[in-house]
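Trainee: Based on these hints, arrange chain D on the given structure of chain S.
2 protein chains.
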Amino acid sequence: MATTTLPESDLPDPGLDAMFAALADPTRRSIVARLTKGEATVNELAEPFAMSLQAVSKHIQVLERAGLVSRGRHRQTRPCRLELEAFRAATDWIEDQRRVWSERLDRLDQHLTDLQRDRKNP
Amino acid sequence: MATTTLPESDLPDPGLDAMFAALADPTRRSIVARLTKGEATVNELAEPFAMSLQAVSKHIQVLERAGLVSRGRHRQTRPCRLELEAFRAATDWIEDQRRVWSERLDRLDQHLTDLQRDRKNP
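Keeping their order, the protein sequence lines are chains S and D.
Each residue of the first sequence is one higher than the one before, counting from -18 in this note's numbering.
Each residue of the second sequence is one higher than the one before, counting from -18 in this note's numbering.
In short, the hints are calculated from the structure, not lab data.
Among the clues, some could well be false.
Stated by the list, open to error - In the DMTMM-like style, the derived pairs of lysine to aspartate or glutamate whose C-alpha atoms are separated by at most 20 Å in a straight line are:
{"hint": "1", "chain 1": "D", "residue 1": "K18", "chain 2": "S", "residue 2": "E45"}
{"hint": "2", "chain 1": "D", "residue 1": "K18", "chain 2": "S", "residue 2": "E64"}
{"hint": "3", "chain 1": "D", "residue 1": "K18", "chain 2": "S", "residue 2": "D90"}
{"hint": "4", "chain 1": "S", "residue 1": "K18", "chain 2": "D", "residue 2": "D77"}
{"hint": "5", "chain 1": "D", "residue 1": "K18", "chain 2": "S", "residue 2": "D73"}
{"hint": "6", "chain 1": "S", "residue 1": "K39", "chain 2": "S", "residue 2": "E64"}
{"hint": "7", "chain 1": "D", "residue 1": "K39", "chain 2": "D", "residue 2": "D6"}
{"hint": "8", "chain 1": "D", "residue 1": "K39", "chain 2": "S", "residue 2": "D90"}
{"hint": "9", "chain 1": "S", "residue 1": "K18", "chain 2": "D", "residue 2": "E84"}
{"hint": "10", "chain 1": "S", "residue 1": "K18", "chain 2": "D", "residue 2": "D87"}
{"hint": "11", "chain 1": "S", "residue 1": "K18", "chain 2": "D", "residue 2": "E76"}
{"hint": "12", "chain 1": "S", "residue 1": "K18", "chain 2": "D", "residue 2": "D90"}
{"hint": "13", "chain 1": "S", "residue 1": "K39", "chain 2": "D", "residue 2": "D(-2)"}
Stated by the list, open to error - Covered stretches of chain D, as calculated for chain S (at least 3 residues, CB under 8 Å):
{"hint": "14", "stretch": "2 to 12"}
{"hint": "15", "stretch": "15 to 28"}
{"hint": "16", "stretch": "57 to 68"}
{"hint": "17", "stretch": "71 to 80"}
A virtual CB, placed ideally from N, CA and C, is assigned to each residue, including glycine.
In isolation and in its complexed conformation, chain S is listed as follows:
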């Protein structure tokens, strides 16, 4: 297998791999969106879906393995909660990219403004 040498900031991050893979599913994104609002039991999470509790549990397990969701110890309900610190790693990566391209677009914008001004006042 080929090995990769990546810039330090882009080093392989198995955490990010699993997190983005977990988010590549509408049911799991919906569960994450629900949990941003606070803890919920599996029953509560399953409510909006026309699928079995077992199917919803499997989606939750994928989110748990990705480190995005953890479950409480209360024996009956074991409420699910979002692991904010883990999710922050995914949001940080995305926002880093947005920042870089925003800065680039701002520079382009400034360059075009400069060009127009130079044309008006040569």
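Mentor: Then chain D, alone, in the frame of chain S:
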């Protein structure tokens, strides 16, 4: 197969599915990070990786199918560029979640401050 009934804002979005799946790989995230800085040819994108051009091309194809990357028409180089509008859909989803939980944490913070104040000045 079970069908799902989701809140409108969480409707299945095959675009987001493909985008998050594409980002679940360190080489592809590295390519996206490079392209936020501007267009690049496949040769330029392949430079930091100790893998074949063909392997890098395959990763670029995954990003193209996900709508995140498009390629220019210049016959020789066909430079790759990031499709900002498409990528924005992924960043918007992530940032929506962060906004919801930030507001929740702010409210919790306010609540704790209120509690402390009430304890000091009963």
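Trainee: Now look at each hint and say whether the structure bears it out.
Mentor: Right, here's what the structure says about each hint:
1. D/K18 with S/E45: violated, 34 Å
2. D/K18 with S/E64: Roughly 31 Å separates the two Cα atoms, so the pair is violated.
3. D/K18 with S/D90: holds, 15 Å
4. S/K18 with D/D77: holds, 11 Å
5. D/K18 with S/D73: Distance of about 17 Å is within 20 Å: holds.
6. S/K39 with S/E64: holds, 18 Å
7. D/K39 with D/D6: holds, 12 Å
8. D/K39 with S/D90: Outside the cut-off at roughly 33 Å; violated.
9. S/K18 with D/E84: holds, 9 Å
10. S/K18 with D/D87: holds, 12 Å
11. S/K18 with D/E76: The hint holds at about 14 Å.
12. S/K18 with D/D90: holds, 15 Å
13. S/K39 with D/D(-2): With a Cα-Cα distance of about 18 Å, the restraint between S/K39 and D/D(-2) holds, given a limit of 20 Å.
14. 2 to 12: holds (count 8)
15. 15 to 28: holds (count 3)
16. 57 to 68: holds (count 3)
17. 71 to 80: holds (count 8)
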